[in-house]
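Number of protein chains: 2
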Amino acid sequence: MREDINITEVARKAGVSIATVSRVFNNNGPVKESTRKKIEQVIKETGYRPNILARELAEKKTHLIGVITHSILGEGLPNSIKGITHVIEEKGYNLLIGNTDGQIEKEQKHFEIFQSKRVEGVLFMTRHFTQEHRDVIEALPFPVVVLLQPTEDEKISYVAFDEYRFAQEATRYLLDKGHEDFVFIGGPETSANSLRREQGFKNALTSAGYSLDKERIIHEDYSIEAGYEATKRLVKEGVPFTAMIIANDGMAIGAINALQDSGYSIPRDVSIIGLDDTALAKASRPSLTAIHYSYQDLGKEGANLLLDKIESGNVDFSYKVLPYELKKRGSTEERY
Amino acid sequence: MREDINITEVARKAGVSIATVSRVFNNNGPVKESTRKKIEQVIKETGYRPNILARELAEKKTHLIGVITHSILGEGLPNSIKGITHVIEEKGYNLLIGNTDGQIEKEQKHFEIFQSKRVEGVLFMTRHFTQEHRDVIEALPFPVVVLLQPTEDEKISYVAFDEYRFAQEATRYLLDKGHEDFVFIGGPETSANSLRREQGFKNALTSAGYSLDKERIIHEDYSIEAGYEATKRLVKEGVPFTAMIIANDGMAIGAINALQDSGYSIPRDVSIIGLDDTALAKASRPSLTAIHYSYQDLGKEGANLLLDKIESGNVDFSYKVLPYELKKRGSTEERY
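Protein sequence lines correspond, in order, to chains A and B. Heads up: the first sequence begins at 1 in full-length UniProt numbering, then just goes up one per residue. Heads up: the second sequence begins at 1 in full-length UniProt numbering, then just goes up one per residue.
These are calculated hints, taken from the structure and not from any lab test. Predicted model only: the values in this text are computed from it and were never measured. A few of these clues could be false.
Intra- or inter-copy, both count: the list cannot distinguish identical chains.
[Stated by the list, open to error] Straight-line distance between alpha carbons at most 20 Å, and here's what the computed EDC-like set of lysine to aspartate or glutamate pairs gives:
no.: 1; residue 1: LYS61; residue 2: ASP176
no.: 2; residue 1: LYS44; residue 2: GLU180
no.: 3; residue 1: LYS61; residue 2: GLU311
no.: 4; residue 1: LYS320; residue 2: ASP269
no.: 5; residue 1: LYS300; residue 2: ASP101
Based on the provided sequences and hints, a complete structural model is requested.
Structural data, given as structure tokens:
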């Protein structure tokens with residue numbers, strides 16, 4: 001490794017003052033052409049780079065954007081981060097990433113670290129958005145845009161999906177096909193996203209005049225295996241059902257496998273809709289009917305909103321709810 | 001948003017010198033207890049935070065680690081990044097992430113940006129490692145550890161999987177079961193990882209005395225759909241085969257679907273091994289026999305090696321090749 005050369009040494013080797021070297025670098029103030037050439041020669045020979053950190057410090061610009069996220073696994077969140085990087089790199093910003101594993105202490109720690117790194121703004125992803133988050137964010141000296149969670153607060157801007165409405169629509173689709181006995185498999189009870197999906201599901205049923213037994217709502221951890229085991233249990237316990245709404249595709253694939261392993265035919269005996277539409281949905285046999293929405297767009301819209309706040313100083317509240325679409329496939333349609 | 005308060009203002013409000021405020025913050029040098037209390041009071045009232053960036057600048061420590069990667073999608077790379085964050089956050093470092101989409105210009109740009117951000121080291125992931133990379137890395141003023149690619153250079157440390165050997169072992173497993181007609185579906189020809197897998201496959205066959213027709217080696221883009229279409233083509237063209245080695249699980253799932261859609265039974269008619277073992281492998285029907293290895297360990301080992309270089313100044317070349325295991329499942333075993 002090469003030792004870092006500093007400006008003092010460049011000045012000494014060129015036989016000029018530090019101020020002169022600085023003028024050459026920052027292109028401000030007059031410098032004799034022969035002096036400029038001598039300095040440029042020394043810079044070339046020594047591999048000196050101006051201390052950009054110090055310059056940014058003076059300018060109060062770091063061009064750093066922070067992303068705080070509860071996970072970087074799965075298909076959704078990495079796609080949002082990809083959307084974010086595409087937008088911010090194009091504008092000369094760089095990404096700092098903090099992974100919280102969903103722990104509130106780690107979320108707070110990352111906000112502090114990012115503040116000390118002088119990020120110019122943060123995109124914040126979390127499993128549920130609370131009053132504590134509001135208090136932390138409102139005290140920060142930089143703008144924050146929340147992704148995935150409506151902030152229910154006209155101060156903190158957000159970009160999210162309409163999970164309540166799309167779960168409601170998926171349920172209504174199967175109600176309209178004549179189904180009466182439903183099961184909902186959701187994510188963990190700590191996931192606000194999963195709870196919104198559950199509420200949309202419940203609303204569709206109660207609006208249609210059905211009541212819900214408690215065992216028809218199941219909370220699992222989003223994994224293929226959990227979907228498999230939960231469905232096996234339902235079959236074993238003899239719970240009657242012909243329709244399943246499942247909070248993500250992984251658990252839906254698990255449910256399809258469990259039903260097929262138990263001798264059921266899909267969609268003849270049971271119809272299934274996943275609320276996700278990842279690559280798994282099309283690859284499943286039968287293919288999975290699913291609600292489609294774009295995590296990459298979530299990242300892009302969030303990044304655009306944040307950059308607008310950073311660059312134009314816009315502090316107004318704004319939010320965006322992204323579109324979705326029901327993709328009909330073999331798990332609900334006989335002909336597919 | 002709150003205006004940033006600076007040290008001058010804190011000193012003025014407390015009626016002391018800047019040097020005194022600085023001594024309180026850095027805990028060096030004597031300060032009268034009553035003065036300390038007065039300063040702490042002002043700090044509390046104004047919400048002043050010491051300029052950590054400036055302090056780090058003086059110390060030449062930024063506690064930033066850069067990750068340059070060709071992708072953040074899929075199951076493997078996000079898991080490595082998760083492994084990296086776990087190791088470095090525990091030691092008080094933060095992650096800067098640069099996404100290159102596999103473009104060489106973007107790789108170079110990220111090395112430059114990270115240098116200007118004064119990262120203390122970089123973990124570098126790329127699809128193929130070239131002389132150009134060596135030249136760039138050797139000129140950098142901080143340590144770099146390459147992940148996924150053996151650097152073939154006793155200067156640049158790396159952590160990787162033994163792809164040649166595990167592809168060879170997967171192929172030998174099916175040779176030992178009596179298979180003679182093989183197909184290999186690899187990733188893009190620009191992926192050094194896929195080429196090493198291909199070479200391991202070829203070596204197993206030629207060592208066993210078989211020759212290879214060119215149409216038996218296919219290059220696709222790692223997607224489920226590409227695996228599906230390639231296998232459909234093989235079936236349509238009447239290429240005879242009873243064994244497939246497939247560079248990732250996604251394409252292997254596509255191949256299973258294509259064969260089943262064409263009326264083949266697996267493993268009765270065709271045996272398949274995926275070189276990946278993601279969550280898909282167990283969820284597939286039949287489940288997929290696959291080579292298992294850990295991307296999270298790749299990230300952890302790489303981060304540990306890099307931190308050792310950063311903290312102990314160790315510049316020696318070192319490398320680590322991680323273990324793997326063949327997981328036997330339904331795509332090769334009748335009983336599963």
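Here is what the structure says about each hint:
Taking identical chains as interchangeable, the C-alpha atoms of LYS61 and ASP176 are never at most 20 Å apart, the minima being 56 Å within one chain and 63 Å between chains. Neither within a single protomer nor between protomers do LYS44 and GLU180 lie at most 20 Å apart by alpha-carbon distance, with minima of 77 Å and 61 Å respectively. Taking the shortest alpha-carbon separations for LYS61 and GLU311, only the intra-copy value of 11 Å comes in at or below 20 Å, while the best inter-copy value is 29 Å. For the homomeric pair LYS320 and ASP269, neither the shortest alpha-carbon distance inside one copy (39 Å) nor that between copies (52 Å) is at most 20 Å.
Taking the shortest Cα distances, LYS300 and ASP101 sit within 20 Å of each other only across copies (16 Å), while inside one copy they are farther apart (23 Å).
Against the hints set out earlier in the document, violations occur for numbers 1, 2, 4.
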